[in-house]
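Given these sequences and hints, build the entire structure.
Going by this note's numbering, the sequence shown runs without a break in its numbering and finishes at 1377.
Source of the hints: derived by calculation from the structure; they are not laboratory data.
Everything numeric in this text was worked out from a predicted model, so none of it was measured.
Here a beta-carbon is modelled for each residue, glycine too, at the ideal position from N, C-alpha and C.
Some clues are possibly wrong.
Claimed, not checked - Under the rule of at most 25 Å between Cα atoms (straight-line distance), these lysine-lysine pairs were calculated in the DSS-like manner:
(1) K927 x K1105
(2) K1248 x K1238
(3) K1248 x K1170
(4) K980 x K927
As the list claims (entries may be wrong) - Here are the computed distance ranges between Cβ atoms for each label pair:
(5) A920 x A1160: 35 to 43 Å
(6) E924 x P1358: 50 to 58 Å
(7) A1110 x K980: 39 to 47 Å
(8) N1245 x V942: 47 to 55 Å
(9) Q1134 x P1008: 35 to 43 Å
(10) A1234 x S1278: 19 to 27 Å
(11) A1110 x R1133: 51 to 59 Å
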Amino acid sequence: MSLPADWIEHLKAHPLPVRNEVHQRLVELIRRDELDFGELSGWLRRDPAAAGFVMGAAARAQRAKQRDAPHTLDHALSLLGAGWIRQYLPSLPTLEETLVDPAQRAGYLTAVARSLHAARHAESWLVELRDTSYEVVVVATLLHNFLELALWRDAPDLIRSALIAVQDRSQPTLGHAISAALHAQGIDLKSFEQAVNAHYYLPAQLFADEAATPILARQHQTIVLLARRLAFFAETGWYHAEILATQQEISALLKRDCPATDSLIHQVAVQTAREFADMGFYSPAGLLIDTAPGSYWPYPAGYGIPPRPLEAARLALSARCAKVRGQAGNLLKALLTTLIEELNCTELLLFSRAVAPNQLALSLNRRRAEEPLAASLDLTQNPLLERLLHGNKALAVQADNRSTLNRLLDADGQRVIARDCLILTLHRQTQPFALLVVDIDQPATIDTLRSVFMAFQTYWPD
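Next comes the structure, spelled out in structure tokens:
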């Protein structure tokens, strides 16, 4: 995970790679007799590496003349002139030639997609606010993760470790995680950002929420911050606490109610997904369909970080439940398949509602036999199960509560909970539907099973 000995000088001498599509289009435009700065800036806005290279070059040229740096790509191009554009833009390195490792290139492209996603959201908010500082803020948002892209190029293992730290909740944000990772390399993030910004003139710092160059007004700083938060957290779902808090802040910024703000955010996400489809980019818009309230999903596959077992189970459960469209029997099968295949719950029992009243029939027995189980359970003789089946509930049975629970069960019911297990009950149209008993090997498994069951209940047609 080591970085170049003098990473700042390395970044100055080696510009970040540009996507081949953007590079080819820029070269085609440059070969024309007359340059169209508007069209050039439009393509530069499709790649943060290209945009940062131009903004930095123009800022350094202006600084040498003791003049103010440009704040837009159009202004930067006009200051640099046609000669500079024709000489230097074609020489930018291309991503496909620079990052030959497919996994590293995929991570870089996923981070690029996030910068574009954030810029699209910022643009939509500026339109809502009728703000004329359109390009200043959009370019600032586009370049918000410039240093992260540099890490994907120069130290992909380091940025992956930072992402894992956020996934594990050992760090609250990606900024904190990268700051800690760089500190372990002997690099102070704040000083490093200042040195890099002196060369590239990035309109907004990446990781310190309060840090931005003076060209951005306070409201513009807020827009950049909220857009980058939204784009990052959307990669792990759309309805968890961080996303909901960010949406509320955006609602206050736009002076719109939360439903209207959510509608705007989702509309931009879906529009961006259509654009990304043509570009071959990852988009989190699919999570708007698959994510249940309160859920987190794994990071995009491009980051090369395998999902945790719980995340993988939730994702598989969501995909299975979406296919069966609320059919109770098939939903139950989706839950069983997820428990068996994703969580390796190899020993479980399923009792289903029988024809006889107050009876549950044993319909699935995957428990390695010790003592034979009854073919059915009489709920009138098992008040514990009868009470649980009044709703969708989960009850853990372990050594410390088994003796108490046994008092509410007959001999057949006691054999069902003879091992440590989690009892899951499903209720349908005021009637018991199913009783699922999952044997557990270790206490930590209980929390995982409860979490999956809670996610499942969002799909259950009760």
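What are the numbers of the hints that this structure violates, sorted from low to high? Hint check: 3, 7 and 11 fail, others pass.
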